[in-house]
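K.L.:
The chain contents come next:
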Amino acid sequence: MYRYDSYDQTLVDERVVQFRDQMDRYLGGRLGEDEFRPLRLQNGLYIQKYAPMLRIAIPYGMLGSHQLRRLAAITRRYDRGYGHFTTRQNLQLNWPALEDIPQILGELAEVQMHAIQTSGNCIRNTTSDQFAGIAADEVEDPRPWCELIRQWSTLHPEFAFLPRKFKIAVSGAAEDRAAIQVHDIGLRLWYDDQGELKVRVLAGGGLGRTPMIGDVVRDDLPWQHLLTYLEACVRVYNQFGRRDNKFKARIKILVKALGIDEFRRRVEAEWAHLKDGTQTLTAQAVEAARQHFPEPPRRPVEDSAIEASEQLRVENRAFSRFVTNNVTAHKVAGYKAVTLSLKRREHAPGDVTADQLEAVADLAEQFSFGECRVTHEQNLVLSDVPVDELEALWHALETHGMANPTVGTLNDIICCPGGDFCSLANAVSIPIAQALQERFEDLDFLYDLGPLDLNISGCMNACGHHHVGHIGILGVDKKGEEYYQVSLGGNSTDDASLGKILGPSFFREDVPEVIDKVLQVYVEQRHEDERFLDTYRRIGHKPFKERVYA
Amino acid sequence: MPETKPEHTPESTTEPLTADQQLHHIDTLIKMGQPEQDEWALSRVSEALPERRPVIVPLALWREQTGEKGLAPWLSSDTELTPELAAALEAAPLIAIDFPAFTDGRGYTLARLLRQRQGYTGEIRAIGDVLVDQLYYMTRCGFDALALREDQRLEDALRALGAFSVSYQPAVDIGEALFERRLREKGRS
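Protein chains in written order, with our numbering: chain A, 1 to 550; chain B, 551 to 739.
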């Protein structure tokens with residue numbers, strides 16, 4: 001993973017000193033509430049319902065064991081012994097004290113971590129594919145590119161006060177696992193038939209109040225120009241994005257208002273001045289970035305060990321379930337990526353205890369070269385596990401409550417913190433997730449349903465990505481009462497789509513019953529092996545609506 | 551406007567104030583990283599030129615008075631830098647860029663375009679909602695004069711200016727990205 005040199009370290013250290021000064025001025029009354037707000041937000045600090053919340057960046061989801069241990073120590077010392085992984089590969093602390101934040105940032109900086117630009121109207125943490133570097137369908141490892149973007153966007157002097165937040169995601173595989181079509185800018189790395197690396201640049205995607213799928217600004221940008229092109233895109237947005245109405249300030253509104261052709265014309269006109277200038281990437285620069293993401297020293301795995309692992313699957317049903325759902329193919333024979341489930345009824349989706357963080361640190365060292373990844377589905381991944389150690393890892397994960405064999409099923413719910421924590425929320429979301437996990441916990445039923453994304457957001461800001469869940473649930477507020485709106489047919493991968501609202505919203509206690517009816521329609525109507533999403537697309541809204549509102 | 555108090559207070563509410571009566575005096579100015587005072591006053595009145603010189607006036611008024619040395623324009627944050635405007639601005643003794651709110655980031659782009667695209671070498675002054683914690687970014691984008699909002703403390707401002715000794719991106723102050731510098735230094739060693 002990326003290791004800081006003295007320049008990176010100096011910058012995060014100076015950032016801590018700067019923030020300590022800002023906090024001192026705020027607490028000392030020399031910096032007003034309104035003026036402190038963007039400064040603290042750009043350091044990941046929110047003032048929430050019951051306490052401050054600190055959002056720590058995990059650039060493109062990569063974490064080392066030493067960092068996991070530090071996070072565990074921080075949650076114990078400054079919080080309540082747990083943290084929450086978000087849908088954008090960040091970790092949130094729910095209960096830190098305001099005056100401790102500079103100290104926490106200092107302790108993060110010691111392990112090359114920070115909370116820079118995890119919130120605020122600036123370029124946020126760049127996210128990527130949790131299987132980067134190991135996926136069999138990958139054409140280009142996105143992480144070196146993400147790191148180049150991280151550096152370019154960190155404390156960018158021109159773009160610290162954009163009209164609104166700005167999120168970039170990068171994918172380099174055949175299957176998009178980074179939801180690039182619903183980001184302000186989505187980047188797809190691909191090779192043309194001459195073997196030249198190109199970047200497809202999408203702009204104007206996003207969820208929130210006005211969900212949209214991104215449009216292609218440029219399909220075949222030569223890789224050398226990635227940073228100058230991004231600079232042109234963000235500059236056009238900074239100049240022309242709306243600032244009069246925060247609900248219309250995202251780049252998607254600008255792209256929609258201008259039309260993609262006019263937006264593209266402006267970007268290209270701007271880029272004409274920047275093209276081939278400073279920040280143009282060279283093979284050397286990219287190589288230097290790639291050297292931070294070397295292939296780990298994997299030992300060879302015997303064919304007999306691979307066979308033995310297959311044999312164990314045949315013999316042990318529980319192990320087989322785990323492998324089927326939580327283990328992903330690897331580009332190297334004899335290796336697998338293992339998803340550690342952070343979804344279980346006793347905890348909010350994405351929550352992790354300090355003990356678990358430490359356990360993952362140990363397991364990562366023991367089984368996967370001391371690294372782990374955070375997924376946008378709010379789980380963790382050990383990316384390089386030899387198959388002959390899968391069983392041992394599985395047992396260890398069971399001990400720590402992270403072997404729930406339900407990754408990718410209805411039970412693997414994406415969920416925001418909701419009204420239990422968040423001051424923006426209209427309604428709670430975690431209790432909905434827990435009620436659904438309780439109702440649909442029979443594994444055979446879950447497996448029979450097959451791949452199913454159920455996403456829950458507690459308000460239209462859509463942190464729980466409800467628009468792109470096959471089933472989406474949105475908490476709404478009507479005259480002070482919590483209601484839930486259900487939508488169907490969303491999807492975040494290559495054939496991305498936005499869910500369609502089923503109809504009038506429901507009481508909280510009725511949500512499990514409503515979802516049950518939706519699932520009944522699917523089970524009755526599906527063709528053999530047809531995914532929920534495909535059945536929905538084939539038969540449409542009506543049968544679901546009729547059953548639910550009968 | 552927030553940065554200064556008008557120099558004159560109205561004595562009677564019946565007479566409309568003249569542009570001179572509504573002039574703003576800039577109290578706390580940082581130039582090239584050092585506190586400094588100068589003679590420039592600021593007028594936000596768009597209907598009439600004040601008598602006083604030197605004075606910074608709205609762009610449209612300035613464009614009507616070509617070649618007067620004691621007049622300089624200020625640009626609103628939504629100014630679009632067309633080629634005609636850019637050419638006209640070459641003659642300005644200084645250019646001020648207004649921050650109507652500190653959260654309005656358009657001024658940063660304007661300053662960079664003036665410096666890096668138009669090659670403007672005169673003073674670029676930040677006016678309006680100019681706060682301590684923006685100064686580092688402003689300096690990087692080409693502002694060399696910072697007219698602080700009147701409630702801002704000079705010592706905080708001078709400290710904030712030096713917050714960072716390293717930056718990743720090229721801008722007006724540094725001509726190469728950090729990744730380029732690393733390659734250069736590696737090549738040398």
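It is worth saying that the hints were derived from the structure and are not from the lab. Hints are not guaranteed to be accurate.
Take a look, some chain B residues computed to stay more than 10 Å from chain A by CB distance [to be verified]: (1) Ser596; (2) Leu599; (3) Pro604; (4) Thr632; (5) Gly655; (6) Asp683; (7) Arg703; (8) Leu728.
These stretches of chain A come out as covered by chain B in the derived footprint (C-beta under 8 Å, 3 or more residues) [what the hints assert, rightly or not]: (9) 12 to 23; (10) 43 to 49; (11) 82 to 94; (12) 485 to 491.
Cβ atoms here follow ideal geometry from the backbone N, Cα and C, with glycine treated the same way.
K.L.:
For each hint, tell me whether it holds in the structure or not.
P.N.:
Now for the hints, and whether the structure bears them out:
no.	hint	verdict
1	Ser596	20 Å, holds
2	Leu599	29 Å, holds
3	Pro604	29 Å, holds
4	Thr632	12 Å, holds
5	Gly655	3 Å, violated
6	Asp683	6 Å, violated
7	Arg703	7 Å, violated
8	Leu728	6 Å, violated
9	12 to 23	holds (count 6)
10	43 to 49	violated (count 0)
11	82 to 94	violated (count 0)
12	485 to 491	violated (count 0)
Violated hints, listed in ascending order, are 5, 6, 7, 8, 10, 11 and 12; each of the other numbered hints is respected by the structure.
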